[in-house]
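Novice: Using the hints provided, position chains B and C relative to the given structure of chain A.
So you can see what is in the structure, the chains are spelled out below.
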Amino acid sequence: MTRQVLKRLAGMVVVLLLVCLFTYVIFFVLSPDPAVQICGKNCTPAKIDQIRDNLGLNRPFWAQFWTFLSGLFVGRTYGEGIQCSAPCLGYSFQSSQSVTSMMVQRFPVSLTVAVGAAVLWLLAGLVSGLIGAINEGKFIDRFISGLTFAGMSIPNYVLALVLQFVLVVTLRWLPFPQAVAFGDDPVQWFLNFLMPWIVLAVGYAASYTRLTRANVIEALQENYVRTARSKGLRPSVVWRRHALRPALTPIVTIFGMDFAGLLGGAVITETVFGLNGIGKMASDAITKNDQPVIMGVTLLAAFLVVVGNMVVDLVYTAIDPRVRIGASA
Amino acid sequence: MTNSQRDQTLDQPADRPMLSVRDLTVAFPTAKATNEVVHHLSFDLPPGGALGIVGESGSGKSMTSLAIMNLLPPGATRSGSIVFRDTELTALREPAMRTVRGSRIAMIFQDPLSCLNPYYTVGDQIAEAYRAHRHGVSRRQAHRVAIESMERVHIRDAARRVNYYPHQFSGGMRQRVMIAMALSMEPELIIADEPTTALDVTVQAQILGLLTEIRENTGAGLILITHDLAVVSETTDQIIVMRHGDLVESGPVEQIFSEPRADYTRMLLDAVPRIDDAIDDMRTLPSSAAHETPTEGARL
Amino acid sequence: MTDTEPLLVARNLVKEFPVSGTGGLFRRDKTFRAVDDVSLEVGYRETLALVGESGSGKSTVARMLARLINPTSGTVILDGTDVTSLSGAKLHDFRSSVQVVFQDPFSSLNPRHSVEELVTAPLRYQGRQIPGGARAFTRELMERVGLDPTWSGRHPAQFSGGQAQRVGIARALAVQPKLVICDEAVSALDVSVQAQIINLLRSLQREEGFSYVFIAHDLAVVRQIATRVAVMTQGQVVEIGSRDEVFDHPQHEYTRTLLAAIPRINPRWEARRRHLERAKAEAAS
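Just so you know, the sequences run in chain order A, B and C.
Reading the first sequence from the start, the letters are residues 1 to 329 in my numbering.
Reading the second sequence from the start, the letters are residues 1 to 300 in my numbering.
Reading the third sequence from the start, the letters are residues 1 to 285 in my numbering.
Just chain A, same shape as in the assembly (with noise of 0.2 angstroms):
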């Protein structure tokens, strides 16, 4: 078992260096020059190259990927001064501040809307599938899934559009969002946060409640089933144990992968609510054409990915004994 996590992590290390490397070759092949976007309107070209100096842009790509590198373990310096200290993801020199620092600013509320949503969708998708899986082909299983073909069919923004007007102004059943912390008001904290989590939970619930049904079917007419049912266990016993271990399962794996990609930021989602999560820094960064930030948000969502990815597989063989232990013939 240790053996095993240790390969593991080994192997993560290789794929996180590789990420780090291909997004770094993207943007230092594709993007346009940032020593042209830092100099400005009134522009020359020997400022131009001066400014290249000053940020080592006319060094060999090696050498700048070297120092990128090193700049996430140890920080690094830009130009004459600009201290970026470790773990350094790039400097953005449109808003005067290091990309890391700006993370660690906005990450809560990223982190607030993935929690807040996976609790929803969770508790929406597996008790509506588990309710279509009892009441298979029944009326209640018909509207089920027709609730889900919506709810997999309206895409976010509109969704979330149609919400406010509905809630917030037609029917006043919320509040205006306001920005407050949680500990000045809870109540509108949570308010604000709610239509998001909405939003957000509506496709994954909706999917969960597919995959709950298919899965706790599919395990009810499994051999081992019916032997439960043989031994004169009650309903509720063949059920927990015999139906819904093996159903739920494989949804932690998948789970796993979208919360993961959910914590590096719902980009529609907070930039349609105004909520200053990593997403909506993103989007703005893209607005802005500001490339630290946006190579830093896509190697947050890479290495998350890869750490869900890593995390669900550890869990995985912790809960499933065919993965956790060989037959041993």
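There's no promise every hint is true.
Quick partial rundown of chain C residues pointing at chain B, CB under 10 angstroms, derived from the structure [what the hints assert, rightly or not]:
id, residue
1, H217
2, L219
3, V221
4, R272
5, H275
6, E277
Listed next, with one range per pair, are the computed distances between beta-carbon atoms [unchecked claim]:
id, chain 1, residue 1, chain 2, residue 2, range
7, C, I69, A, L17, 34 to 44 angstroms
8, C, I69, B, P74, 35 to 45 angstroms
9, C, A89, A, T67, 54 to 64 angstroms
10, A, P155, C, E140, 34 to 44 angstroms
11, B, S42, A, R234, 50 to 60 angstroms
12, B, T218, C, Q234, 28 to 38 angstroms
It is worth saying that the hints were derived from the structure and are not from the lab.
Don't be surprised by glycine CBs; every beta carbon is placed ideally from N, CA and C.
Specialist: Here is chains B and C on its own, set in the frame of chain A:
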């Protein structure tokens, strides 16, 4: 069921059958028609007897066993009478039937890998059945029963292997685990549905030997359901032959094999490939497939 | 080439499979030797049965003989040609010389194709002319395997297990193979249907003159069809010989165990049944 009740039922005269099935019909009604898979089947199993139910695919032999256990797939209906000891099983409600299932009638299925839950140790799955029927039994006691049951089916090193998961066993060992699970409750009747079909021939011989040994040691009755005539001929003393849900013929094993009355039984016996001699001009079977219907011909 | 030389010769076949997860980052996975130095010959018009229990390696050998997988080492020679390293057009030729009939006809026949499409597919795939046209060719083949030729437009799902297996056999025959490999071809069939398919396989061999490699775990079936038998266990052939030699005078301990384990119908009951039936037949005539 309390112990005193159980003692009474054991005291009944030896000639009263332990299981008596009368006019059993299993059907799958659909909007258009009713598809009957077992028609008016009747048979008796004497106490401690071993009955073989033989038939090809689609004969209704497995449905018969599931009907006895009231474990028919959704949508199936059953009618007729199934009297086990003094209890009319068809009149039992589900909670009462649960006390019979596993505890007094145990069942063993064909494919032991898919019949064991991959997420729990075999000990867990044996103990689970035991604890379901014996109230107030501690985990530790149930665990000990699991080890004892595994020892009774000759699984070596049971104290350690009780903590193995199904995938860590070979096919034959898994079937032993299934049998151990059935045995843990000391059932009065064991129904084995194709218990050796998925196993290698040497393992099959061991498992059949084990079933016979258990019958001799515990006095439990056995219903063995199989497509393999040679298997029933060695293991059971009464046989019923089924085809398309009908009873074709029934009787003592020797009579069925030496003086079969039904043409279908004779045809089946002719079709069994012999290990001891090669019949070069084999059988008088039709060589064309024209008479086969699409439901026949495969146990796939 | 003379008829005294065997049709197929396999020499020192070895197949190793990697065991996943046993290697490290820089170390290769350990290997499992599924077939360990197997040599055998198949003569013209002969049926060589490969028998053994699950995991004995018999199916792996069959798949190497048909070049469905490549051996780790060893050679396969068909009709004097080393086929182990064939590729391109020559491999195509080899593919029509050796055909395989699998255990489950439904999973080895494309459910969306009609019998006519299924049976003529190997020929069309190889770009060969279909003698007499697809329709007539299919009907003739179907008659030979005991299927109603008017069913040539039917799809696999419309057939029973035995009928579908006949379609599988017809497809194998379409390219006029020299060797037909039956991989548990009758194992999944009901006993009455199984007997018919065995009869069919035997009469086809008499008519067409090809050879069989017959893979089976059921020794009673093997006794009805084989001319020679090779017994495999743990990747090795432990005994090979003529059918009656192996069945009546098994040399290897494993063969004896295997034969002893087979359930038998009491021979006295059998004899009595035959006697009674003969008496009845005589009384009737």
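Novice: Does each hint fit the structure? Answer for all of them.
Specialist: We went through each hint and held it up to the structure:
no. : hint                                : verdict
1   : H217                                : holds (7 angstroms)
2   : L219                                : holds (6 angstroms)
3   : V221                                : holds (5 angstroms)
4   : R272                                : holds (4 angstroms)
5   : H275                                : holds (9 angstroms)
6   : E277                                : holds (8 angstroms)
7   : C:I69 x A:L17: 34 to 44 angstroms   : holds (37 angstroms)
8   : C:I69 x B:P74: 35 to 45 angstroms   : holds (42 angstroms)
9   : C:A89 x A:T67: 54 to 64 angstroms   : holds (57 angstroms)
10  : A:P155 x C:E140: 34 to 44 angstroms : violated (60 angstroms)
11  : B:S42 x A:R234: 50 to 60 angstroms  : violated (32 angstroms)
12  : B:T218 x C:Q234: 28 to 38 angstroms : holds (36 angstroms)
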